[in-house]
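Enquirer: One-letter residues, chain by chain:
Number of protein chains: 2
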Amino acid sequence: METLWRLSKRYSMVIEEYLREKIRGEPETLYEASLHIIKAGGKRLRPLLVLATARMLGGVEAEARALPLAAAVETLHNFTLIHDDIMDQDEVRRGVPTVHRVWGVPMAILAGDLLFAYAYRLAGEAADSGMDPATALRALREMTEAIVKISEGQAFDMMMEKKWDVSVSDYLKMIYLKTGSLIELCARLGALSAGASNEVVSLMGEYGRLIGVAFQIRDDVLGIVGDPKVTGKPVYNDLRRAKKTLPLIYAYSKLGEEERSRLRSLIGEKASDEELSKAAKMIENAGGISYALSLAREYSERALEIIKSLRAIDLEARSALEELAVYVVEREK
Amino acid sequence: METLWRLSKRYSMVIEEYLREKIRGEPETLYEASLHIIKAGGKRLRPLLVLATARMLGGVEAEARALPLAAAVETLHNFTLIHDDIMDQDEVRRGVPTVHRVWGVPMAILAGDLLFAYAYRLAGEAADSGMDPATALRALREMTEAIVKISEGQAFDMMMEKKWDVSVSDYLKMIYLKTGSLIELCARLGALSAGASNEVVSLMGEYGRLIGVAFQIRDDVLGIVGDPKVTGKPVYNDLRRAKKTLPLIYAYSKLGEEERSRLRSLIGEKASDEELSKAAKMIENAGGISYALSLAREYSERALEIIKSLRAIDLEARSALEELAVYVVEREK
Numbered sequence: 068m069e070t071l072w073r074l075s076k077r078y079s080m081v082i083e084e085y086l087r088e089k090i091r092g093e094p095e096t097l098y099e100a101s102l103h104i105i106k107a108g109g110k111r112l113r114p115l116l117v118l119a120t121a122r123m124l125g126g127v128e129a130e131a132r133a134l135p136l137a138a139a140v141e142t143l144h145n146f147t148l149i150h151d152d153i154m155d156q157d158e159v160r161r162g163v164p165t166v167h168r169v170w171g172v173p174m175a176i177l178a179g180d181l182l183f184a185y186a187y188r189l190a191g192e193a194a195d196s197g198m199d200p201a202t203a204l205r206a207l208r209e210m211t212e213a214i215v216k217i218s219e220g221q222a223f224d225m226m227m228e229k230k231w232d233v234s235v236s237d238y239l240k241m242i243y244l245k246t247g248s249l250i251e252l253c254a255r256l257g258a259l260s261a262g263a264s265n266e267v268v269s270l271m272g273e274y275g276r277l278i279g280v281a282f283q284i285r286d287d288v289l290g291i292v293g294d295p296k297v298t299g300k301p302v303y304n305d306l307r308r309a310k311k312t313l314p315l316i317y318a319y320s321k322l323g324e325e326e327r328s329r330l331r332s333l334i335g336e337k338a339s340d341e342e343l344s345k346a347a348k349m350i351e352n353a354g355g356i357s358y359a360l361s362l363a364r365e366y367s368e369r370a371l372e373i374i375k376s377l378r379a380i381d382l383e384a385r386s387a388l389e390e391l392a393v394y395v396v397e398r399e400k
Numbered sequence: 068m069e070t071l072w073r074l075s076k077r078y079s080m081v082i083e084e085y086l087r088e089k090i091r092g093e094p095e096t097l098y099e100a101s102l103h104i105i106k107a108g109g110k111r112l113r114p115l116l117v118l119a120t121a122r123m124l125g126g127v128e129a130e131a132r133a134l135p136l137a138a139a140v141e142t143l144h145n146f147t148l149i150h151d152d153i154m155d156q157d158e159v160r161r162g163v164p165t166v167h168r169v170w171g172v173p174m175a176i177l178a179g180d181l182l183f184a185y186a187y188r189l190a191g192e193a194a195d196s197g198m199d200p201a202t203a204l205r206a207l208r209e210m211t212e213a214i215v216k217i218s219e220g221q222a223f224d225m226m227m228e229k230k231w232d233v234s235v236s237d238y239l240k241m242i243y244l245k246t247g248s249l250i251e252l253c254a255r256l257g258a259l260s261a262g263a264s265n266e267v268v269s270l271m272g273e274y275g276r277l278i279g280v281a282f283q284i285r286d287d288v289l290g291i292v293g294d295p296k297v298t299g300k301p302v303y304n305d306l307r308r309a310k311k312t313l314p315l316i317y318a319y320s321k322l323g324e325e326e327r328s329r330l331r332s333l334i335g336e337k338a339s340d341e342e343l344s345k346a347a348k349m350i351e352n353a354g355g356i357s358y359a360l361s362l363a364r365e366y367s368e369r370a371l372e373i374i375k376s377l378r379a380i381d382l383e384a385r386s387a388l389e390e391l392a393v394y395v396v397e398r399e400k
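From first to last, the protein sequence lines are chains C and Z. Following the working numbering, the numbering of the first sequence begins with 68 at its first residue and continues without gaps. Following the working numbering, the numbering of the second sequence begins with 68 at its first residue and continues without gaps.
Zero decoy hints are in this set.
If chains are identical, the list can't say which one is meant, so a pair holds when it fits in one copy or spans any two.
Straight-line C-alpha distance at most 30 Å; calculated DSSO-like pairs for lysine-lysine:
1. Lys106 with Lys229
2. Lys400 with Lys76
3. Lys400 with Lys300
Since the hints were made in silico from the structure, they are not lab data.
Please put together the full structure from these sequences, using the hints given.
Expert: Here it is as C-alpha cells:
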C-alpha cells in the first residue's frame with residue numbers, strides 16, 4: 068500500500084488546504100459548524116480517487132484540472148455525513164462530537180445544506196481552471212445524479228431498519244445508491260477531467276462502483292467484528308439500529324425460525340452490549356462475516372482487472388488505484 | 068392585477084404538471100414526502116418571475132427555454148421550506164401538516180435534500196432544450212450562489228431570534244440573503260434565458276432583489292396584523308419565535324427602556340395569545356407597521372421604475388411584472 072499512502076498523504080494536504088481556503092463566510096457559527104467534520108480528518112478517499120484517476124489517464128495537467136472536482140466530492144461527502152448523523156442520531160464521528168451534538172439540529176441541517184451548495188460552487192470552479200463549459204456542465208450534472216441516488220439510498224437504508232425481509236439484492240441496490248454511486252462519480256469525474264473517451268469514463272465508473280460497494284461491505288463487517296478503538300465508531304452501532312447489513316442479512320437467511328426470533332430479540336435500541344455481542348457471535352457463526360468478505364473480495368478483484376486493462380500514462384497513479392482496490396476490503400478502520 | 072393573475076394561473080398549471088412529471092422515483096415514501104408541500108399549492112411566484120422575465124425580454128421561445136429553470140427554482144424554494152419548517156418547528160404550511168410532522172425529521176431532512184438535488188437536475192435540463200452549455204453552466208452557478216446566500220441568511224435569521232440589538236441594516240442584509248437572493252436569481256435566470264446583455268441581467272436582478280425584499284417586509288407585516296384565516300399561517304408565529312422582523316426592530320428602537328422590557332416580556336415561546344396580541348399592538352402604536360410598509364413601498368416603486376426603463380418585446384409579460392412589483396406590497400396572504 069506504499070504508493071497509495073504516499074499519494075493519499077499528498078492529496079489530503081492539498082485538499083484540506085483548498086477546502087479551508089474556499090469555504091469561508093458569515094455567520095461564523097454556520098461556517099464553524101460546516102467545517103467541524105471536515106477539520107476532524109477522514110480518509111479523503113473520494114478526492115484521492117478523482118485525482119489519481121485524472122492523473123493516471125491524463126497526467127499532471129488533468130490532475131490539476133480535477134482539483135476543484137476533488138474538493139467538491141469531499142465537500143459533498145461531508146454534507147451527507149452531517150445530515151446522516153442527525154438522521155441516525157449518531158453522537159461521535161471521526162473522534163469528535165457530531166455537528167448536531169455541538170450546535171443543535173437546526174444549525175446542523177443548515178451546515179449540511181451549506182456544504183451541499185459549496186460542493187456545486189467548487190465543482191463549478193473547474194470551468195475557471197481550464198475545463199471547457201460543456202465538460203464542466205456534464206460534471207455538475209453527473210454530480211447531481213449521484214446526489215439523487217445517495218438520497219434515495221439513505222431512504223431505503225432507513226426504511227430497511229424497520230424490516231426483516233431484506234434480500235441480498237435489496238441490500239446491494241441500497242448500498243450502490245447510498246455509497247457506491249458517489250465513489251463511482253469520483254472515478255468518472257477523474258476520467259472526465261482527463262478528457263477520456265465515454266468508454267473509459269464508463270469503465271472507470273464501473274471500477275468506482277465496485278470498490279464503493281466493497282468498501283461498504285467491509286464497513287458492515289467492521290461494524291460487527293471491528294475494534295472500536297481502531298474504527299473510531301461506537302461498538303455495535305449498526306446492530307443497535309437494526310441496520311440491515313450484509314452479514315446480518317446473510318446470517319438471518321441461514322437461520323431457522325427459532326434462531327431468527329432469538330437474533331431479532333438481541334438486536335435494537337434496547338439491547339445491552341452483552342446482547343449485541345451475542346448477536347454478533349450468532350452472525351459470525353452462521354457465516355455472515357465470511358460470506359460478506361468473500362463477496363467484497365470478488366468486487367475488489369473485478370475492480371482490479373478493470374484498472375489493469377486500461378492504458379495509463381502515469382504508473383504511480385495506476386499503482387495507487389490498484390492498491391486502493393485491495394485496501395477497501397482489507398482496511399481495519 | 069388582471070394580467071398578473073392570468074399569467075400566474077397559466078404558469079402555475081404548466082409548472083405543476085412539469086414537476087409532477089419530473090419528480091418521480093423510489094422509494095415511494097421519500098418521493099411522497101418530497102412532493103407533499105409542492106402538491107399543497109403555493110403562489111408559484113418564483114417560476115412566474117423566471118418565465119415572465121424570459122418572455123418580456125425574449126418572447127415565447129425564451130419562455131420555453133426558461134421552463135426547466137422555472138421548475139428548478141420552485142423545487143429549490145420547496146426544499147428550503149421543508150428544511151426551514153424543521154428548524155422553526157412549524158407544524159402547518161399551505162394549510163397542510165409540515166413534512167416532518169407527517170414523516171418525521173429524518174425523512175423530512177432527506178426529502179429536502181432530494182429536492183435540492185432535483186433543482187439541479189431540472190436546471191441542468193435547460194441544456195437539453197436549446198440553451199448553450201456555457202449559459203446553462205452559468206445558470207447552475209448563479210443558482211449555487213443563491214443557495215449559499217439563502218443558507219447564510221437562514222443562519223443569521225435563527226441567530227437573531229436570540230438577540231435584541233438588531234439594526235435595520237442587519238435586518239435588510241439578512242432578508243436579502245434569506246429571501247431576496249432567490250427572487251433576484253429568478254429574474255436573472257429569466258433574463259439569461261432570453262440571451263439578454265449582462266447589463267439587462269443585472270437590472271433584472273436588481274428588480275428581483277427589490278421586490279424580494281419588499282415581499283419579505285410585507286410578510287413580516289402580515290405576521291403581525293394579517294388575518295390568519297387569509298394568510299394560512301398560525302397567528303403571531305413570528306412573535307412567538309421572537310423573530311426580528313422589521314416592524315419589531317423599528318418599534319423596539321423607538322421605545323424607552325421600560326417599554327422595551329415590557330415588550331420583551333410579551334414575546335416568546337411562553338407568551339399567551341393575549342400577550343402576543345398586546346405586543347402586536349405596542350409594535351403598531353410605535354409606528355412599526357407604517358414604517359415597514361413605507362419602506363416596502365419605496366422598494367416596490369424602485370422595482371417598477373426598472374421595469375419601465377427596459378425594452379420589452381412582450382407587453383403582456385411586462386404588465387405582469389409591473390403588477391407583481393405592486394402585488395408584493397399589497398398582498399393579504
